[in-house]
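Participant: The lines below spell out each chain.
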Amino acid sequence: MTNKTQKLFTFNSLFSNSFVIVWLIIAAFPFIWTFWGSFKVELDFFSIADWTNAITGKLTQETYGSAFTGTGYEGAWIQEKFWLSTINTWVVCFFVVSISLTIGTLGGYALSRSGYRYTFWLLIIALIFRAMPPITLVAGYMLPFFEWNLWGKLPTTIVVLVAINQPFTLWMLHSFFQTIPKELDESAKVDGCTQFQAFRRVIIPVMWPGVITTGLFSFLLAYNDFAVTSMLLSDENRTMVPKIAAFLGTTYTEGNIMFAVAAVVSSTVPLFILVMFFQRQIVSGLTAGAVKG
Amino acid sequence: MKHRSFFWFFLPTALAMLLFIAFPIVSVVTQSLFTPHEAVFTTVEKCDPFGCTKESVVDQEASQALKKSNPLGRFAGLDIYFDRGHLATKEVAEAWQTRKSMGDFFSTLNNLPFYRAMGFTLTYTFLVTPLLIILGLMIALSVNSLHRHLKGLAIFFSLLPLIVTPLVGSLILFWMVDSRGILGTFLQWLAGDPDLSLKASTTLTWIMLIVYGVWHAAPFAFVVFYAGLQTLPKDQLESAQIDGANRWQRLRYVIVPHLMPLVTFVALIQLMDNFRVFEPIVGFNSEAHATSLSWIIFNDLNGETLQLSAASTTSVITIIGVAILLSPVLVQTWKNFKDKK
Chain A
1 MTNKTQKLFT FNSLFSNSFV IVWLIIAAFP FIWTFWGSFK VELDFFSIAD WTNAITGKLT
61 QETYGSAFTG TGYEGAWIQE KFWLSTINTW VVCFFVVSIS LTIGTLGGYA LSRSGYRYTF
121 WLLIIALIFR AMPPITLVAG YMLPFFEWNL WGKLPTTIVV LVAINQPFTL WMLHSFFQTI
181 PKELDESAKV DGCTQFQAFR RVIIPVMWPG VITTGLFSFL LAYNDFAVTS MLLSDENRTM
241 VPKIAAFLGT TYTEGNIMFA VAAVVSSTVP LFILVMFFQR QIVSGLTAGA VKG
Chain B
1 MKHRSFFWFF LPTALAMLLF IAFPIVSVVT QSLFTPHEAV FTTVEKCDPF GCTKESVVDQ
61 EASQALKKSN PLGRFAGLDI YFDRGHLATK EVAEAWQTRK SMGDFFSTLN NLPFYRAMGF
121 TLTYTFLVTP LLIILGLMIA LSVNSLHRHL KGLAIFFSLL PLIVTPLVGS LILFWMVDSR
181 GILGTFLQWL AGDPDLSLKA STTLTWIMLI VYGVWHAAPF AFVVFYAGLQ TLPKDQLESA
241 QIDGANRWQR LRYVIVPHLM PLVTFVALIQ LMDNFRVFEP IVGFNSEAHA TSLSWIIFND
301 LNGETLQLSA ASTTSVITII GVAILLSPVL VQTWKNFKDK K
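Top line first, the protein sequences correspond to chains A and B.
The first sequence runs 1 to 293 under the numbering used here.
The second sequence runs 1 to 341 under the numbering used here.
A couple of the hints might just be wrong.
[Unchecked claim] Here are the computed distance ranges between Cβ atoms for each label pair: (1) F186/B <-> F94/A: 33 to 43 Å; (2) K68/B <-> F196/A: 23 to 33 Å; (3) Y253/B <-> F68/A: 49 to 59 Å.
[Claimed, not checked] So the derived list for chain B, only partly shown, Cβ under 8 Å to chain A, looks like this: (4) L131; (5) I134; (6) S142.
[To be verified] One-sided and incomplete, this derived list gives chain A residues near chain B with beta-carbon spacing under 8 Å: (7) F46; (8) N53; (9) A54; (10) G107; (11) V160; (12) I164; (13) I180; (14) P181; (15) L221; (16) V241; (17) T268; (18) V269; (19) P270.
Hints are computed from structural coordinates only; laboratory data are not their basis.
In this text, all values refer to a predicted model and were calculated from it rather than measured experimentally.
Built from N, CA and C at the ideal position, the CB exists for glycine as well.
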C-alpha cells in the first residue's frame, strides 16, 4: 500500500532528495566533525590559521609525529578522572531503569485494568507532573536533603530520578497494557489466580516489547539529565553530564579544552550504539503518544 | 480490578511521586513565601584611649539560634514575588511612568533579570515550535519518498540530534560556531568580516540558540509525521490526482489535514518542552545575552550562597507558566475521556 501512495505523492523527487541530503548533513556532520577533531590538538580543532588543519591535523603532526593523538582522552579519562564519572553514570542508569520499570509496570498495569474513575485522575496528575521542569523541584529537595545528610549521594539521585521518571513511565506502560487483551488475565483469575498471580503468570511473559521501549526512554532520561544530577551530586559522585559542565569551568582557563571535547565524544558513543540497535523501539516509543492522541 | 489490589499495585509508584514530586512542590511554594532571617545586631560600646563609640555588630549566636528555631526564615508573604529579582512591580510601574517611548520602556524592562529571561524564554518557545514543525514536516515528506532501503539509514541519522544529551549537543554546535571553529570561520568568510563573533552579539546568540533548538527537536516532529504519513488515505490522494490536483494542492488539501491532529500533538508537547529551555544556555555559555527561567533557578541554587527563596519563587512562576501551556492538553484529555464514556 505504501509503495503506491509514495508513487502518488513524490513531491518533486530531485528537490526532496537533495533536501534529505542537506538535512542528513546538518544532523550528522557536527558529530562526525567533533569525533574527528577530538583526536587533534587544540590549535587544530580551533584553527585560526587555516580551517583545513582541523582535517589534516598539521599541528598535531608537528607536536606528536602523527595526525592523530589520544592526549585529549588521556587527559579527560585519567588526569580528570572521567572514568569515575562514567562508572557513576552507569550505576545511576542501571538502578534508575530497573527500579522505575519495576514499580512503573505494577502501576501502569493497575491503571490499565481498573475501570474506576480515579484512574483517569491519577493519569491527569501524572501528566501534570510530566510537564513540570525537573529543575523547579530541585529547590524543594535542598533543605531536607541537607538536613538529613542525604545530599550528594548516588542513591538519593537515583531515587529522585526514578520519581521524576514515573509519570512518563506510567503513561507509556498504561497505553501499552491496554493493547494486551483483558481476557487474558480475566480468564486466569477465573481459573483461581489472584490478581498478582495473573499478572505474574500471564502478563509478565508477554509484556517485554512495551517494557523494553519504556526502559529505553527511562535510560535516556537518566543518562541525559543535567538539572538534577548537577544540583544533587557532590563533586566526587558526579555523573558524566555534570562532569562535562564542570570541565567547562576549569578547562577554558587552563587551555585544556580538548579534555572536554574528548569527554563529550566519549559520552555520545553509547547513545550512538543505542540508536543503532534500538532504532525501531525508539521510533515506536516516540509515536506511541501521538497515535493515542 | 478491586480497589484493594489496585491500591497495592499502585502504592510504590504513588509513594515515589508523592515523596519526590508532590511534597517538593509544596515545599517550593512554602519556601517562596519565606525569606532568610536578617542578621541580629547588638550594640556594643567600644572604648579606647580616645573615648567610647557605640557600634552595631552581628550577634552570631543569636542569628544562629534564630535560624535554628525557624529554618524557613521569616514570613514574607508575596514580597519576594514582587521584588526586583522577580516581577519587580515597583520598577516596572516607575519605568512605565517615566518612559520616553515604548522602546525605552522595553529596554528598562530588559534590564530586570526576570523580564530578560521571560523575554528570551517566550521568544524561544514561540519561534522554535513552529519552525521545528515545518522542518519536521519537510523532512518527513522527503524521507517518505526515498527508496525503501535508504529510509532506515535516514531515520538513524535523523534521530541523533534528538537522542544526544542536550548539554553535549549544544556544546558540539557551540565549538563549531566558535570564531575559530569551522562554522564560525565559514560565517566570517560569508559575511566578509574576519572579526565576526556570534558570542559577542545578542541577536546572533539568540539566533544560534534557536537554530540549536530546531536542530534538536525537529527529529521528534519528523518521526511523528513520518508515522502519520504511513496511514495516508490512498483513495483520497488518488481521487485528488484524478481531479487534477497538483503536488502542492495535494499537500495542502489532503496530506496536511490528515496530519493536523499530529501537528497539534507535537505543538503542545514542544511548547511545554521548549518553555523549560536550560541546557543550551549553559552549553553556549550565553548568559550574558540570553537567559531563561530555568537558568535563573539553576543560577540561584548554584551560586556561592544558596538562594532558596529566590529560586523557589522563580520555580513557582515557571510552574504557573507550564500550567498555562498545559491547560489545552488537559481540556483535550478531559474531552476524550468524556467521549469515551
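Participant: Are the hints correct? Go through all of them and say.
Facilitator: Against the structure, the hints:
1. Look at F186/B against F94/A: about 42 Å separates their beta carbons, and that is inside 33 to 43 Å.
2. Between K68/B and F196/A the beta carbon distance is about 48 Å. The supplied range of 23 to 33 Å is therefore violated.
3. Distance hint for Y253/B and F68/A: a CB-CB separation of about 55 Å, consistent with the stated range 49 to 59 Å.
4. The restraint placing L131/B at the interface with chain A is violated, with a minimum CB-CB distance near 13 Å, outside the 8 Å limit.
5. The beta carbon of I134/B comes no nearer than 12 Å to any beta carbon in chain A, farther than 8 Å, and the hint placing it at the interface is violated.
6. Contact between S142/B and chain A, as hinted, is supported at the beta carbon level, the nearest pair being about 4 Å apart and thus within 8 Å.
7. Taking 8 Å as the C-beta contact cut-off toward chain B, the hint placing F46/A at the interface holds, the least distance being around 4 Å.
8. Restraint check, N53/A versus chain B: the minimum CB separation of about 10 Å is more than 8 Å; hint violated.
9. At a threshold of 8 Å, the smallest CB-CB gap from A54/A to chain B is about 6 Å, leaving the interface hint in force.
10. With a cut of 8 Å, the hint placing G107/A at the interface with chain B holds, because the nearest CB-to-CB distance is about 4 Å.
11. Taking 8 Å as the C-beta contact cut-off toward chain B, the hint placing V160/A at the interface holds, the least distance being around 5 Å.
12. The interface hint given for I164/A is met, as the beta carbon of that residue sits about 7 Å from the closest beta carbon of chain B, less than 8 Å.
13. For I180/A, the interface hint is violated, the least distance from its beta-carbon to any beta-carbon of chain B being 14 Å, above 8 Å.
14. Here the hint on P181/A is broken, as its CB sits about 15 Å from the closest CB of chain B, past 8 Å.
15. At its closest, the beta carbon of L221/A sits 11 Å from a beta carbon of chain B; the interface hint therefore is violated under the 8 Å criterion.
16. Given the 8 Å rule on beta carbons, the hint for V241/A holds: about 6 Å separates it from the nearest Cβ of chain B.
17. Checking T268/A against chain B by beta carbon gives a least distance of about 6 Å; that is within 8 Å, so the hint holds.
18. Checking V269/A against chain B: minimum C-beta separation of about 11 Å lies over 8 Å; hint violated.
19. For P270/A, the interface hint is violated, the least distance from its beta-carbon to any beta-carbon of chain B being 10 Å, above 8 Å.
The structure fails to meet hints 2, 4, 5, 8, 13, 14, 15, 18 and 19 from the earlier list, while all remaining hints are met.
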